[in-house]
Amino acid sequence: MAEHSITRTPVGRRPGRYVLRAVVTAYLFLLVAWPLYLVGRNALADGFTSLGDILTDPDVTHALRLTVVIAVTAVVINTVFGVGISILLVRYDFPGKRTLNALLDMPLSVSPIVVGLALVLVYGGREGWFGPTLEAAGFQIIFATPGMVLATVFVALPLVIREVVPVLQEIGDEQEQAARSLGANAVQTFRRITLPAIKWGVIYGVVLSLARSLGEFGAVKVVSGNVLGETRTATLVVEEKYLNFDKGGSYATAFLLALVAVACIIVVSVLRPKEDR
Amino acid sequence: MSIEIVNVGKRFGDFVALDDVSVSIPSGRLTALLGPSGGGKSTLLRIIAGLERADVGKVEIEGVDATGLPPQKRNVGFVFQHYAAFKHLTVRRNVAFGLEIRKRPKDEIRRRVDELLALVHLEQFAERLPAQLSGGQRQRMALARALAVEPTVLLLDEPFGALDAKVRKELRDWLRRLHDEVHVTTVFVTHDQEEALEVADEIVVINEGRVEQIGSPDDLYDRPANEFVMRFLGPVTQLGDQLVRPHDLQLFSGGTTGVAARVTRVTRIGFEIRVDVATTGGQPVTVTLTRNEFLALGIAVDSEVRVQLAPGSPSTTVSTPEQRTAEPSLATTTS
Numbered sequence: 001m002a003e004h005s006i007t008r009t010p011v012g013r014r015p016g017r018y019v020l021r022a023v024v025t026a027y028l029f030l031l032v033a034w035p036l037y038l039v040g041r042n043a044l045a046d047g048f049t050s051l052g053d054i055l056t057d058p059d060v061t062h063a064l065r066l067t068v069v070i071a072v073t074a075v076v077i078n079t080v081f082g083v084g085i086s087i088l089l090v091r092y093d094f095p096g097k098r099t100l101n102a103l104l105d106m107p108l109s110v111s112p113i114v115v116g117l118a119l120v121l122v123y124g125g126r127e128g129w130f131g132p133t134l135e136a137a138g139f140q141i142i143f144a145t146p147g148m149v150l151a152t153v154f155v156a157l158p159l160v161i162r163e164v165v166p167v168l169q170e171i172g173d174e175q176e177q178a179a180r181s182l183g184a185n186a187v188q189t190f191r192r193i194t195l196p197a198i199k200w201g202v203i204y205g206v207v208l209s210l211a212r213s214l215g216e217f218g219a220v221k222v223v224s225g226n227v228l229g230e231t232r233t234a235t236l237v238v239e240e241k242y243l244n245f246d247k248g249g250s251y252a253t254a255f256l257l258a259l260v261a262v263a264c265i266i267v268v269s270v271l272r273p274k275e276d277r
Numbered sequence: 001m002s003i004e005i006v007n008v009g010k011r012f013g014d015f016v017a018l019d020d021v022s023v024s025i026p027s028g029r030l031t032a033l034l035g036p037s038g039g040g041k042s043t044l045l046r047i048i049a050g051l052e053r054a055d056v057g058k059v060e061i062e063g064v065d066a067t068g069l070p071p072q073k074r075n076v077g078f079v080f081q082h083y084a085a086f087k088h089l090t091v092r093r094n095v096a097f098g099l100e101i102r103k104r105p106k107d108e109i110r111r112r113v114d115e116l117l118a119l120v121h122l123e124q125f126a127e128r129l130p131a132q133l134s135g136g137q138r139q140r141m142a143l144a145r146a147l148a149v150e151p152t153v154l155l156l157d158e159p160f161g162a163l164d165a166k167v168r169k170e171l172r173d174w175l176r177r178l179h180d181e182v183h184v185t186t187v188f189v190t191h192d193q194e195e196a197l198e199v200a201d202e203i204v205v206i207n208e209g210r211v212e213q214i215g216s217p218d219d220l221y222d223r224p225a226n227e228f229v230m231r232f233l234g235p236v237t238q239l240g241d242q243l244v245r246p247h248d249l250q251l252f253s254g255g256t257t258g259v260a261a262r263v264t265r266v267t268r269i270g271f272e273i274r275v276d277v278a279t280t281g282g283q284p285v286t287v288t289l290t291r292n293e294f295l296a297l298g299i300a301v302d303s304e305v306r307v308q309l310a311p312g313s314p315s316t317t318v319s320t321p322e323q324r325t326a327e328p329s330l331a332t333t334t335s
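Residue numbers (the UniProt record's numbering), protein chains in the order written: chain G, 1 to 277; chain H, 1 to 335.
Among the hints, a few may not be true.
[Claimed, not checked] Below, computed lysine-lysine pairings styled on BS3-like, alpha-carbon distance capped at 27 Å:
1) H/LYS103 <-> H/LYS87
2) H/LYS166 <-> H/LYS106
3) H/LYS106 <-> H/LYS87
4) H/LYS169 <-> G/LYS199
5) G/LYS199 <-> H/LYS103
Treat the hints as calculated values from the structure; they're not laboratory data. Remember, it's a predicted structure, so these values are computed and weren't measured experimentally.
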């Protein structure tokens, strides 16, 4: 009897539910699916020639390679520090914890272009606060790969942390304490207990960071100097080609970037059910 | 003496969890730290394990000063209320954890784990994940895991607190039998006085960060050091200014012994009869009798009776301020 009443109640709400569903679908379609589809269609408008062109253009392939190098480096740095900071935030109490917590959300709220300018102010080779010192020691940060990595690390900083912190909070520290009482030191406890427990959170954070890092534009544009064949990344190529009326090339490059993002989303959705287990 | 706790103090902010606590816990015995929630008993256990650092004082385990040692160097087994099972490892790997950390040979680990799984009756669950076990099974696994490293002391923090009443009772008996087999010095925390009285060789009563009394279950029950211990260990009622156990009171239907009273209520609870009486001074007193005692008296509501404490029964003098306010009326009853 109880089951009957449960299955019956939604009947009255059904029309409302369908309207809501239609609105959401239309919204996502117009905002996400259709524009992305059009990018793909434009990229493949004349078959694979545009794609072929950009993949044989040494400047573009250099940009793609540079993008991958920067993104992977940034993700590695963000993963190591992200997991470290997450553990610090969840497992330890210290003065200024709330401030640190708030600061960690800054990269999400500050425009990337501001981040780029700020980095130039600090690490700029000529007028930066710290840059001239580094330049004198032989390290060029701004207008070189390190600066672009820095900018990318900055904008993607919170992604791993925001994935890992809730997982760490949920698992609690009893398993870690149990491991300690069984003779494991800090490193053994982290490797054997904490890491397997937060594994899916870390992977999810890494995928998100990777997608964000590959697509970073504003901050990188400011600090890169945008030198063809040297410090130009894939997103900068898209802009350059678009502004130079090379629509085919810009759509093809944009399509490649979108493809990677879609691949990331597929990876995440494949991982998700395992995370729930 | 296996564990010496000397003048240990611990604060969490303004809250005093432990206030100058000194306890000696004997080797090879089963000791209970008993007290109400928030009384500091779990904190004391965690300080022994090294999971918490004492602000002041000293902890010695088997003659070794452990005050500054991290938990992994103390060789203690710790069992948590909520099992703290390693969720991603099978039961076998959970139990093997401590041995793997100690880099014991593979076949030795296998043999030892098999032994322990047999000891806790989990042989057929060796390849399961903790999520596939019941609460009682998980706690037995946690116990096997703690015993695997052959700890000098085994510490259990409210080990049966998260289990339902029936399983709790079974595990309680089982822990007692296990201890009789393994003989490792064991300390367990509980707020359940029945559990402590039933399982422990020795009970340390802790309240508001202080030790109220240390002794065997009989000591505590028969010779409570103060009102708190008396109240915490079982039902109490007040006769005059004395706190006594309701089943230690005797009723007489006539004579001149004891205090005159009138029966106000008779309640039958299973095999025992609870008789509420009011003394001539108006003090309510509860007396529990067996069915036979009650029938032999032949009393009913409104019967005139005399109440007296059975000779040699434990009692303590009421001293808390709330109780003192009732004193004027007591004075008239005793006179």
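- Query: Are the Cα positions of G/LYS199 and H/LYS103 separated by 27 Å at most?
  - Reply: Judged against 27 Å, a Cα distance of about 25 Å means the pair holds.
- Item | Pair hint outcome, H/LYS106 versus H/LYS87 [Cα-Cα no greater than 27 Å] | With Cα atoms ~22 Å apart, H/LYS106 and H/LYS87 stay inside 27 Å; holds.
- Task: Please work out if H/LYS103 and H/LYS87 have their alpha carbons no farther apart than 27 Å.
- Result: Since the Cα atoms of H/LYS103 and H/LYS87 sit roughly 22 Å apart, the hinted pair holds (cutoff 27 Å).
- Task: Compare the distance between the alpha carbons of H/LYS169 and G/LYS199 with 27 Å, and conclude whether the hinted pair is satisfied.
- Result: 38 Å, violated
- If you draw a straight line from the CA of H/LYS166 to the CA of H/LYS106, is it 27 Å or shorter? Since the Cα atoms of H/LYS166 and H/LYS106 sit roughly 38 Å apart, the hinted pair is violated (cutoff 27 Å).
The structure fails to meet hints 2, 4 from the earlier list, while all remaining hints are met.
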